[in-house]
Every structure is written in C-alpha cells, then in structure tokens.
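Visitor: Given next are the chains, with one letter for each unit.
Protein chains: 2
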Amino acid sequence: MPSGTLPPMNHRPNIFNQVKPIPRAERERKLGARGGVLWFTGLSGSGKSTVARALEHRLLDLGRMAYVLDGDEIRNGLNRDLGFTQGDREENIRRIAEVARLFAESGVVCITSFISPLRRHRDTARGIVGTDRFAEIFIDADLATCEARDPKGLYKKARAGEITQFTGIDSTYEPPEHPAVRIDTGTTAPDQATDLLLTYLRANGMLAG
Amino acid sequence: MPSGTLPPMNHRPNIFNQVKPIPRAERERKLGARGGVLWFTGLSGSGKSTVARALEHRLLDLGRMAYVLDGDEIRNGLNRDLGFTQGDREENIRRIAEVARLFAESGVVCITSFISPLRRHRDTARGIVGTDRFAEIFIDADLATCEARDPKGLYKKARAGEITQFTGIDSTYEPPEHPAVRIDTGTTAPDQATDLLLTYLRANGMLAG
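Quick mapping for you: the protein sequence lines, in order, are chains A and B. For the first sequence, position 70 matches number 133 in our numbering, and the numbering has no gaps at all. For the second sequence, position 146 matches number 209 in our numbering, and the numbering has no gaps at all.
Derived by calculation from the structure, the hints in this document are not laboratory data. Quick reminder that beta carbons are idealized off the backbone N, C-alpha and C, glycines included. Any given hint could be a false lead.
Here are some of the chain A residues that sit facing chain B, going by a computed Cβ distance under 8 Å [to be verified]:
no.	residue
1	Lys93
2	His120
3	Gly140
4	Glu161
5	Val162
6	Ser169
7	Asp213
8	Leu261
9	Thr262
10	Tyr263
Next comes chain A alone, as it looks inside the complex:
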C-alpha cells in the first residue's frame, strides 16, 4: 500500500458528491411553498417563545411544516460544547444559522427564537441563510415590560448580580433597524401576532393560499 503524504486540510479531497441535491425550484414546486427562516430577536421576556409556539401551532394546523429552534433545544444538544464567551456566542449563532438554513432548504418554515442581541450576529445569520429566505422579526417590548414579566426571575437575579452579562441589564441589546415584521407584544396578543406573520409568509411565498 503506498502511503503518500496527507494533503493540506483545505484541499479536502475526501469530500465529493456523486448525486446532485434536488434543485430548490423543483422542491418548492413539489411542496407548493418556499422554505424560509423567521429569525426572531428581542429581549428576554419580550415574548419570542410565546409568539414562536403560537405561530408553529397555526402553521401545523394549516398543514404547513414549521419548526421552532430555541435555546434549550440547541444549548442542550448541538451546542452543548459551547459556553458563553464571546467566541462561543458567535459559534452558537453560526451553527444555529447553518441549521436554520438546512431547514429552510428542506422546505420547512424555521422559526429561531433566540435573543440574538447584536446586529452583527444577526447579519452573520442572514449571510449564512441567504437574504432571500431570511426575515428578521423584531419581538418588541421595552425593558420595563420584560422586567415586570420576568417569567423565570432572571431579571431579578441579574439586578442582584447573581447572573451577569444579561442582555438589557449589563449587556447590550441592539434593536433591528429594518425588521421584516415588528411585533409590539405590549399591545399585540399572540393570535394577532400570528396573523401578522401568516400574512408575511403568504406575501413571500412561504405559505400557500
């Protein structure tokens, strides 16, 4: 057996593909709709999970495949090797965006429900998913409202200094400048929010009818 030298890593000759994936247009024709990513962003307690789950329910009831990627699911699985350093937070977002891209590619309406406080992280996600199938959804509630809701007592802990680098308290939140949809959860009920998002999905080919 000849034992030639190992090629440089970026050469990666072991990567190949015998058979092409189904072209996107053909898949979308078969499914009758486009896949895409609704990238929710907002403070802790702003209502991201509530709206995400309400939308997922409605889409499934309409026969449209939808899936929420949320913090627990990802942090306890795919990204269980990552902590909360700046580098790890960036890798966390990168992997979430890559997975969201795969879901969009498959034809699913993928709803990501993460604070994702920094514009550059959301821009990274948009770059990975692709501008044409990425929609930034701003789940908006002011800090006082979120802090009053405080469903898990995290703001209280942050104020007491028991947890640090908590977004809105001692870590920055940068609101989206041009979100595809903005939902003020102080004045919009989850059902109304879902209606707004269904309208958006229909207008953008991600939901038939």
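We have chain A; now place chain B onto it with these hints.
Guide: Using the frame of chain A, we list chain B on its own:
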C-alpha cells in the same frame, strides 16, 4: 449595578424556556406521521447518495417531507470548522446526529448519507437521535464493485497514495450487524431500493397509508 461573580459554566443560568415545545404526539397527530432518521452507511461508491436522492424524490412526490443530509452540504456549512482528525470525525458525526434529531423532531424523514464507517460512531448517532426513531440502513456493495464504479476517481487516488485514510483502502469499514434494512446495490436498482424503504417507513409509522 452589582457585578456578582460569573457562575460556573455548567450551571448555565442564562438558559431557560418560557414556553414548552409542542408535544411529540400532538405534532405527529397533526402531521399524520412520525419523523425519523434513516441513517445510511456504506462504502464510498456503494450508492448511498443515489438511493438517498431517489427516496427523497419519491417521498416529496407522495407529499411527505423528506430531506437528505449529505457530506458536501454539512462539510461546507455547519462543520466547515472541522477537519479529518479522529476527534474532528467524531464531532462531525455528533453534530450530524444532533441535526438529524432536530429534523426527526420536526416531523421530517431525515436521510443521512455519510460513509460513517465505525460502529461506535453509528451507535453514538443512535443514542443522540433516540433508538425509537433511528434506523440504520446498510447500503451494501463489496469493495471491488465500489472500486469499479469509482464515480469520482477517489479509489484510484487512494490506491496511488494520493489520498490516505480512505475507507476500504487504508481505513476500516465496519458493516452493520443488524441493519433495519440492507440494500445490495449490486443487485437492487434505485427504484427497488426505494420501494423497500417506503415499505419500512410505512411499517414504522413514518409514512401514512
């Protein structure tokens, strides 16, 4: 602003979840089928991609959401930071299995198309996905057949020593001992293989009718 000490990493108090995911049974009832993972394994050139794409086409034509995870897609995206060291190969499999689990959770029939030569790697994948929704599919063709096909000329390169650690040549392939389905691509055409797999999916609640 109080500035308490950073809690230990495995404490991870920033992780929480306000709203529960849709229970699996409810999702499956809405979709009329269970999600799951068909974990293809076999030598390079055994026909994994060909069978995977044929099955994906048929499932989409039947109105069943299906998606193939393959090497290029993953190596150029989610796992672009990984090389081919033993540790990186293990992390590659771990992440693929985590993503496959998410697809299964969403209700999709997820078909993974990787050589995945080692039993312990496939066992890792089964552990991550969950035994009840993981099916090992052995795409079987002997080395001589695969080498004669050699669609990308990789066996030739491996024999010439231009690439090393190539499965079947200078790296081990451990065939599955109890695959859910075994397909001998030397004697089974892609359409027949697809029929076998549709039968398996129907018998296991992953395809209605």
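Visitor: Against each hint, give a clear statement of whether it holds in the structure.
Guide: Structure-based check of all given hints:
Given hint, Lys93/A at the interface with chain B, holds; its Cβ is 4 Å from that chain's nearest Cβ, closer than 8 Å. Against a cut-off of 8 Å between C-beta atoms, the interface hint on His120/A holds, since the closest Cβ of chain B lies about 7 Å away. Interface restraint check: Gly140/A against chain B, minimum CB-CB distance 5 Å, threshold 8 Å, status holds. Given the 8 Å rule on beta carbons, the hint for Glu161/A holds: about 4 Å separates it from the nearest Cβ of chain B.
Annotation: Val162/A was flagged as interfacial toward chain B, and the flag holds, the nearest CB pair being 6 Å apart, inside 8 Å. The beta carbon of Ser169/A is positioned within 8 Å of a beta carbon in chain B (closest approach about 4 Å), and the interface hint is therefore held. Interface restraint check for Asp213/A: the shortest CB-CB distance to chain B comes to about 10 Å, outside 8 Å, so the restraint is violated. Using the Cβ-Cβ criterion of 8 Å, the hint placing Leu261/A at the interface with chain B is not satisfied: the shortest such distance is roughly 16 Å.
Because the smallest distance between the Cβ of Thr262/A and any Cβ of chain B comes to about 22 Å, over 8 Å, the interface hint for this residue is violated. Hint status for Tyr263/A relative to chain B: violated, with the closest Cβ pair at about 21 Å, above 8 Å.
Hints 7, 8, 9, 10, counting from the list given before, are not met by this structure.
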